[in-house]
Amino acid sequence: MARRLIAYLRVGPKEVSAERPELDAQLAVIRTACAQNDWELAGVEQEVRSGRLRRRQGLRGAIAACRAGQADGIIVARLDRLTYDLEHLAELVSVAGRDGFSIVSLEPAVDLDSEQGAVVGAVLSAAAGWSSRSIVRRAEAIARTKAEDAIVSRRPGRPTSTPMDLAERIREMRDRGLTLQAICDTLNREGVPTPRGGALWRPTSLRAILAASPTKP
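For the sequence shown, the numbering used here assigns the number 1052 to the last residue and increments by one with no breaks.
Just so you know, the hints here were simulated from the structure itself, not pulled from any lab data.
In this text, all values refer to a predicted model and were calculated from it rather than measured experimentally.
Each hint should be verified, as a subset may be incorrect.
Derived pair list, reagent style SDA-like, types lysine to any residue, alpha-carbon separation capped at 20 Å [to be verified]:
{"hint": "1", "residue 1": "Lys849", "residue 2": "Tyr919"}
{"hint": "2", "residue 1": "Lys849", "residue 2": "Leu914"}
{"hint": "3", "residue 1": "Lys849", "residue 2": "Gly886"}
{"hint": "4", "residue 1": "Lys849", "residue 2": "Gln892"}
{"hint": "5", "residue 1": "Lys849", "residue 2": "Glu875"}
{"hint": "6", "residue 1": "Lys849", "residue 2": "Leu941"}
{"hint": "7", "residue 1": "Lys849", "residue 2": "Met836"}
{"hint": "8", "residue 1": "Lys849", "residue 2": "Ala860"}
{"hint": "9", "residue 1": "Lys849", "residue 2": "Ser885"}
{"hint": "10", "residue 1": "Lys849", "residue 2": "Asp920"}
Quick list of the computed label-pair ranges, beta carbon to beta carbon [to be verified]:
{"hint": "11", "residue 1": "Ser852", "residue 2": "Gly1033", "range": "22 to 28 Å"}
{"hint": "12", "residue 1": "Pro998", "residue 2": "Thr867", "range": "22 to 28 Å"}
{"hint": "13", "residue 1": "Arg889", "residue 2": "Ser852", "range": "20 to 26 Å"}
{"hint": "14", "residue 1": "Lys849", "residue 2": "Glu922", "range": "46 to 52 Å"}
{"hint": "15", "residue 1": "Ala1046", "residue 2": "Val883", "range": "32 to 38 Å"}
{"hint": "16", "residue 1": "Val958", "residue 2": "Gly1032", "range": "42 to 48 Å"}
{"hint": "17", "residue 1": "Glu1003", "residue 2": "Gly893", "range": "23 to 29 Å"}
{"hint": "18", "residue 1": "Ala1046", "residue 2": "Asn872", "range": "16 to 22 Å"}
{"hint": "19", "residue 1": "Arg884", "residue 2": "Val1027", "range": "42 to 48 Å"}
{"hint": "20", "residue 1": "Ser852", "residue 2": "Glu950", "range": "20 to 26 Å"}
Each residue gets a CB set at the ideal place from its N, CA and C atoms; glycine is no exception.
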């Protein structure tokens, strides 16, 4: 099944016209990328709003379409069309990971469903709630989590890592063009347990496995 993406187009009302990509130009670039990658353009949301504003109707519409299963992700011609705010970007990536959809930027090239994008997404998701005052507390929490994971790994009957044959199968399904949600549906339907022994696979779990799995020569 072709990957379905909803385009999000934005121009700022105070942007210098000579520097901003017009709405039709953004859409043209996105259409070309979709044709080159065999992606399906599932819809278009556009608006004239500042990228510094977090409450934007068009952006909310794109996210809602993904949550409703109408698209597998949001695609933008440039990352600054999504937001100017790094903290907001981290929040959007965190929401995408939680709700099981992707974010694709053509410039710079970032795709949360790719191996490199999964790493970037993991870092941004982890940083979404950070502040200058919470960094030390966050580091302490990560250290505690690692210690707890080490204890759990010594308990019998609790898988702590993905079996190599399962990781290889997941990568092969991904290489065949299956979306992360399609792979999750297959594993859930077959009753394959997650690495932690759970019963429900989510795209975020697959991104971590794909990022950790070695690439075949």
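Checked hints:
1. Straight-line distance between C-alpha atoms of Lys849 and Tyr919 comes to about 14 Å, which keeps the hinted pair within the 20 Å bound.
2. In summary, the hint linking Lys849 to Leu914 is supported, as the alpha carbons are separated by about 18 Å, within the 20 Å threshold.
3. Between Lys849 and Gly886 the CA atoms are separated by roughly 10 Å; this keeps the pair inside 20 Å, and the hint holds.
4. Note on Lys849 and Gln892: the hinted pairing holds, with a Cα-Cα distance of about 18 Å set against a maximum of 20 Å.
5. The suggested pairing of Lys849 with Glu875 is violated, with an alpha-carbon distance near 32 Å, which exceeds 20 Å.
6. Between the alpha carbons of Lys849 and Leu941 the distance comes to roughly 23 Å, so the proposed pair goes past 20 Å and is violated.
7. For a cut-off of 20 Å, the pair hint linking Lys849 to Met836 is broken: about 40 Å separates their Cα positions.
8. This hinted pair checks out: Lys849 and Ala860 have alpha carbons roughly 18 Å apart, not beyond 20 Å.
9. At most 20 Å may separate the alpha-carbon atoms for a hinted pair to count; Lys849 and Ser885 meet this at roughly 8 Å.
10. Taken as a hint, the Lys849 and Asp920 pair is honoured in the structure, with Cα atoms around 17 Å apart against an allowance of 20 Å.
11. For the pair Ser852 and Gly1033, the beta carbons lie near 52 Å from each other, so the given range of 22 to 28 Å is not met.
12. For the hinted restraint 22 to 28 Å between Pro998 and Thr867, the CB-CB distance of approximately 40 Å leaves it violated.
13. Between Arg889 and Ser852, the C-beta spacing of about 24 Å keeps the proposed range 20 to 26 Å intact.
14. Take Lys849 and Glu922: their Cβ atoms lie about 21 Å apart, and the range 46 to 52 Å is violated.
15. A C-beta distance of roughly 37 Å is found between Ala1046 and Val883, which places it inside the suggested range of 32 to 38 Å.
16. Separation of Val958 from Gly1032 is about 26 Å and departs from the stated range, judged on CB atoms against 42 to 48 Å.
17. For Glu1003 and Gly893, the Cβ-Cβ distance of about 40 Å falls outside the hinted range of 23 to 29 Å, so the restraint is violated.
18. Ala1046 and Asn872 have their C-beta atoms about 20 Å apart, which keeps the hinted 16 to 22 Å range intact.
19. The hinted window of 42 to 48 Å between Arg884 and Val1027 holds, with their beta carbons roughly 43 Å apart.
20. As the Cβ distance of Ser852 to Glu950 is approximately 38 Å, the hint placing it in 20 to 26 Å is violated.
Consistency with the previously given hints fails for numbers 5, 6, 7, 11, 12, 14, 16, 17, 20, ordered from lowest to highest.
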